[in-house]
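Work the whole structure out from these sequences, hints included.
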Amino acid sequence: MSSPQLSWAQDAFCLEFAPMSDLVITNLTKKFGRLTVLDNVSVTASDGQILTLLGPSGCGKSTTLWSIAGLLRPDGGSIVVGDQTLFNHDSSAFLPPERRDCGVVFQSYAVWPHMKVRDNVGYPLRLRRYKPEALRRRVDEVLELVDLSDQADRFPHQLSGGQQQRVALARALAFPPRLLLLDEPFSNLDAKLRERTRDWLLQLQRKIGVTTVFVTHDQDEALAMSDRIAVMSTGTVRQIGTPEQIYNDPADLFVADFVGTSNLLEGTVIGRAKGILTIKIDGLDQAIHVPSAIDSDGVVVAVRPEALALLPDDASSDGYEMTVNGPVLDRSYHGHHFRYRVGVGEQALVVETRERTDSSHVRVGIPRDGYKLFRPRTDPAPKAAQ
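Quick note: the sequence shown uses UniProt numbering, first residue 1, plus one each step.
In case anyone wonders, no lab produced these hints; they're calculated from the structure.
Please note that the accuracy of each hint is not assured.
[What the hints assert, rightly or not] Computed cross-link-like contacts, DSSO-like style, restricted to lysine-lysine with a CA-CA straight-line distance of at most 30 Å:
hint, residue 1, residue 2
1, K131, K192
2, K116, K192
3, K372, K274
4, K207, K192
5, K31, K116
6, K131, K116
7, K372, K280
[As the list claims (entries may be wrong)] Label pairs and their computed distance ranges (CB to CB):
hint, residue 1, residue 2, range
8, L95, N40, 20 to 30 Å
9, R331, A273, 52 to 62 Å
10, T234, S149, 42 to 52 Å
11, Q347, D297, 41 to 51 Å
12, H361, E266, 20 to 30 Å
13, L95, H157, 12 to 22 Å
14, W112, P376, 19 to 29 Å
15, T234, R136, 19 to 29 Å
16, D220, G161, 13 to 23 Å
17, N40, Q107, 51 to 61 Å
18, Q203, S108, 17 to 27 Å
19, R272, S57, 37 to 47 Å
Since this is a predicted model, take the numbers as computed values, not measurements.
Idealized CB from N, CA, C, for every residue including glycine.
Set out below in structure tokens:
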């Protein structure tokens with residue numbers, strides 16, 4: 001993504017975009033009355049990257065995005081894009097929204113129903129007093145970019161939900177943005193259209209190379225679209241990293257539980273020796289041995305369903321930290337895998353595998369490198385890795 005231009009292979013046109021920019025947010029805070037919505041949030045995105053703010057409703061992800069756009073004024077911290085300071089509490093700097101060169105797509109799309117597609121897209125350019133010929137040319141280019149050239153003279157009510165979303169995106173790109181901000185842009189689309197639109201938008205972003213901040217509560221979307229993910233909870237960043245880092249090496253129990261599916265098995269530390277913990281999992285006779293520096297007596301063992309294996313009764317247990325037997329509580333078919341819920345002591349294990357079994361009892365293998373160890377939720381969470 002070294003060029004700030006998008007050139008189609010057929011060289012139909014060359015569409016100019018603003019130079020790509022790094023985004024640096026440092027110690028951002030925001031309160032509404034006594035409620036702290038953002039608590040020292042620090043995240044970064046390199047130029048051309050997609051940074052996703054992922055978390056449950058009310059975690060502060062949209063507040064962070066609105067602060068970047070200038071629609072909210074934070075109470076502390078700073079926001080810098082490239083060499084431009086958008087906000088700095090210490091120096092009282094606050095750049096108004098219209099000077100931030102941010103393209104924003106809201107959850108509701110916010111397309112004006114009384115304007116044709118062409119006029120919706122050209123609105124930001126009219127505000128900036130573009131000359132008519134330059135405005136028309138830019139609108140035509142952006143509509144071609146989002147595959148809406150043949151819809152230019154239609155009204156929003158004549159478009160599908162996916163087409164209305166592309167109108168909102170075209171409007172966000174009409175005046176070349178330094179940042180593209182997407183606030184839950186797929187939430188109003190059905191599942192199949194969400195997937196198609198997500199793939200299309202990802203390809204488009206890679207072509208134009210604009211630094212993008214994407215807000216979602218959908219873990220699958222975050223994993224599929226992001227260069228980096230910031231997992232948020234109650235106004236804080238719990239972990240920031242690549243999708244692979246977030247999924248395979250979660251920083252704490254919240255991240256392990258929120259991103260993807262995890263089996264969470266409660267246990268007790270019954271021995272410590274040379275950095276190795278001996279852990280008794282509740283309801284099981286066996287213990288596991290884990291290298292860890294956790295100083296809590298109570299622990300939670302997290303293991304992904306796809307890391308578990310269904311083993312024949314006569315199979316070797318080599319390579320497995322533990323094997324357990326239990327009844328199949330329920331089973332379901334998901335196209336590319338089967339899902340089994342297996343009773344294990346007082347708990348249950350979810351197993352995802354391509355293997356089919358009709359047995360009422362099964363043997364489950366937990367591999368030695370297939371789990372993570374965390375403090376219980378009542379313990380202070382470890383500091384998120386930056």
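Next on the checklist: Against the 30 Å threshold, does the CA-CA distance of K372 and K280 hold or violate the hint?
Outcome noted: Within the cut-off at roughly 15 Å; holds.
Item to check | Beta-carbon spacing of D220 to G161 - inside the hinted bounds 13 to 23 Å or not | outcome: holds (19 Å)
Next on the checklist: Quick check: does the Cβ-Cβ distance between T234 and R136 fall within 19 to 29 Å?
Outcome noted: Given range 19 to 29 Å: violated, Cβ gap about 48 Å.
Next on the checklist: Does the beta carbon distance between L95 and H157 stay inside 12 to 22 Å, or does it fall outside?
Outcome noted: This hint is violated: roughly 36 Å between Cβ atoms.
Item to check | Hint check for S108 and Q203 - Cβ pair distance inside 17 to 27 Å | outcome: Between Q203 and S108, where Cβ atoms are some 24 Å apart, the hint holds.
Checklist entry - Has the given pair, K31 with K116, been kept, meaning a C-alpha gap of at most 30 Å? => result Between K31 and K116 the Cα gap is close to 39 Å, so the pair fails against 30 Å, i.e. violated.
Next on the checklist: Just to be sure I understand the hint, the distance between the Cβ atoms of H361 and E266 should be within 20 to 30 Å; is that true here?
Outcome noted: Because 23 Å falls inside the window, the suggested range holds.
Checklist entry - Honestly, do L95 and N40 meet the 20 to 30 Å range at C-beta? => result holds (22 Å)
Next on the checklist: For the hint 19 to 29 Å, verify it against the beta carbon of W112 and that of P376.
Outcome noted: 51 Å Cβ-Cβ, so the 19 to 29 Å window is violated.
Item to check | Holds or violated: K131 to K192, with C-alpha atoms at most 30 Å apart | outcome: It is violated: about 40 Å lies between the C-alpha atoms, which goes past 30 Å.
Next on the checklist: K372 and K274 were given as a pair; does the straight-line alpha-carbon distance stay at or below 30 Å?
Outcome noted: Within the cut-off at roughly 19 Å; holds.
Checklist entry - K116 and K192: Cα distance at most 30 Å? => result holds (27 Å)
Consistency with the previously given hints fails for numbers 1, 5, 9, 11, 13, 14, 15 and 17, ordered from lowest to highest.
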